[in-house]
Amino acid sequence: MPEDFNLSCPIPIDRHDTIQMAHGGGGRLMQRLIDDLFVAVFSGTAERKTRSPLHDSTVLDAGGARLAFTTDTFVVNPLFFPGGDIGKLAVCGTVNDLAMSGADPKWLSAGFILEEGFPIEALQRIVQSMQKTAESAGVRIVTGDTKVVDRGKGDGLFINTAGIGLVPDGIDISPARVQPGDVVLVSGDLGRHGIAIMSVREGLQFEGALESDCDSLCELVAAMRRVGAHLHCLRDLTRGGLAAALNEIAGAARVGVELEEAAIPVAPQVAGACEMLGLDPFYVANEGRLVAMVAAEAAETILQIMNGHQAAHGPAIIGRITGDHAGCVELKGGLGGSRILDLLSGEQMPRIC
Amino acid sequence: MKYVDEYRDPQRARQLADSIRRTVTRPWQIMEVCGGQTHSILRFAIDESLPPEITLIHGPGCPVCVTPIEILDKALAIAARPEVIFCSFGDMLRVPGSEKDLFTVKSEGGDVRVVYSPMDALTLARKNPEREVVFFAVGFETTAPANAMAVAQAARLGIKNFSILVSHVLVPPAIEAIMTSPDCRVQGFLAAGHVCAVMGMGEYEPLAKKYRVPIVVTGFEPLDILHGIEMCVRQLEEGRAEVENQYARSVRPEGNPAAIRQVCEVFEVSSRKWRGIGEIPRSGFQLRSEYEPFDAARRFGVDQITADEPAECIAGLVLQGQKKPHECPAFGLRCTPERPLGAPMVSSEGACAAYYRYRRRRPEGEADER
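Residue numbers (the working numbering), protein chains in the order written: chain H, 1 to 353; chain Z, 1 to 370.
Please note that the accuracy of each hint is not assured.
Derived BS3-like pairs (lysine-lysine); straight-line CA-CA distance at most 30 Å [as the list claims (entries may be wrong)]:
(1) Lys209(Z) / Lys324(Z)
(2) Lys332(H) / Lys323(Z)
(3) Lys106(Z) / Lys153(H)
The set of hints was computed from the structure by calculation and includes no laboratory data.
Source: prediction; values computed, not measured.
Produce the complete structure using the sequences and hints provided.
Here's what the structure looks like:
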């Protein structure tokens, strides 16, 4: 070893004074921004101690009726991708967030931020795609807003949608109901959306066409609700993938999650792309998959219901909820060992080699 | 998945672990050189299947982790310039320099882009003739051929607005530095299969002889690593110190002659600083004088930037295999992937990050704070 070697370390970057991309990446930085800024200010510190765990949409009492309410903003690039477009995504995303509270989605708003110079023809295709998706999901787009920004101030088109749904009587689906012994299921194979987007964006070529899984899940959820109170919690898998969704639930419900790696479905093309890029498919984005926590005695019934449904694509039981290691998602590998499936700080970055 | 699943077969893994258990009679310390191997070991919990006699020491083979802070400061200075499109592999973006990282430069308006190959950066240079495109050429021997090819092509095509910031390091000098350290605990090496696929095995023979240490060229899948360990343990138990090839499906003894030719045409061996270790003579590449016009450090006048690396974390000890990541008092507390104190916490190949991701259990209380 050279004489002059020193034990080196950079000065830590203590905090960020400006917004970083990782603040929107679905990982830990985003969770902190939400918890420490948005929730802290909007809900007040006293209430914060007692608030129920955050969910994809919030359920409000409106004179006896229970309304689920949510909003989501869509900034995908490219606007058109294999298996969908930003319009389909904007409807499915919000409809799915409502469905995860057990609600029947009813009404959506649509806000458009358009960049000067954006082709009207592309906008027409996107709006028609929104309407088609809304019709098949049984929702109506009933209000909206349009703003145009200078060329260079927007990435072509941003869409915000907000949605309202009605939660049927007797339905209570939330992280608070998750308990040790529950079985964890996914509705299909993972990672298609993220890899499809990446392959278009980066010009990567993979064997066999890979399409986004972008789809409405509300009919699937309506079918799953037939098992009644046994359906404890639902979460659609979006940014941050399965890992982010289960970490949020484990934290919110103060339970542990134990997964069997071999049971988690991943298509060979997705697995291959992830191997090549040094990505973990359990962190890759989805737009038409959900994870369900159900009472053990209803697990097989739910699996059968999912199996017969067109919005599920190879559903599977992938693990269970435990009372140990609260807040932690553990993955049992095929070789017998186990590892932690932690929340990433931001988006996954492809590795060097 | 074909060509992957067969190297992750649980039954075969158990057989190899059993064979290691039967072979071993006393404690051995084996270093896997490459960060990709460290990642696999932690991801598949390979170390948990080994008998207690075997200790795996995680080596300095993560390019992100050993890139010295002053090169990062040079990268940050170049990336902040308005005329520059700065291209990098994704996992360099979060590595802290003295004051910031590339993500921060990007949020401040720098044009920083993730690419998958230096050839992508060359394409960007051709598409944007009015901009300066700089590629951050980081890595071991594995990434050197493609980086050399990009520079050679730029020269041939007369592309003037392309340059690379070179931070290339070499495995054999690092093995030598580790073996000559007075605190060296390593008794056997798993050499990095991909590096040898390029450079061949010839450089390792003199090392094995001189230091009486077995070196097994090893792949990256669980069965590769277990097999490499088995071969290494067998040598240790039999008192042999040879270079063996576990990864024969990819590595030929002579390496890849075409790739070596390309590398030697563009690069020459030079001294390099290693983060956490210091300067090692003849341990890296620099551009040959005829390719100096493509040296971004010269082109943008950042040659003079130097940076001291304040001693806070124990990255140096971790990279030399003298400490495990979780033995650092800052691990998981003051040092996390969001706020890394040292580079091994940044890259997913870094030993600290691998431990953080796969081994750390969140403290029970943390869920309550949310």
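Hint check:
no.: 1; hint: Lys209(Z) / Lys324(Z); verdict: holds (28 Å)
no.: 2; hint: Lys332(H) / Lys323(Z); verdict: holds (27 Å)
no.: 3; hint: Lys106(Z) / Lys153(H); verdict: holds (16 Å)
In this structure, none of the earlier numbered hints is contradicted; all agree with it.
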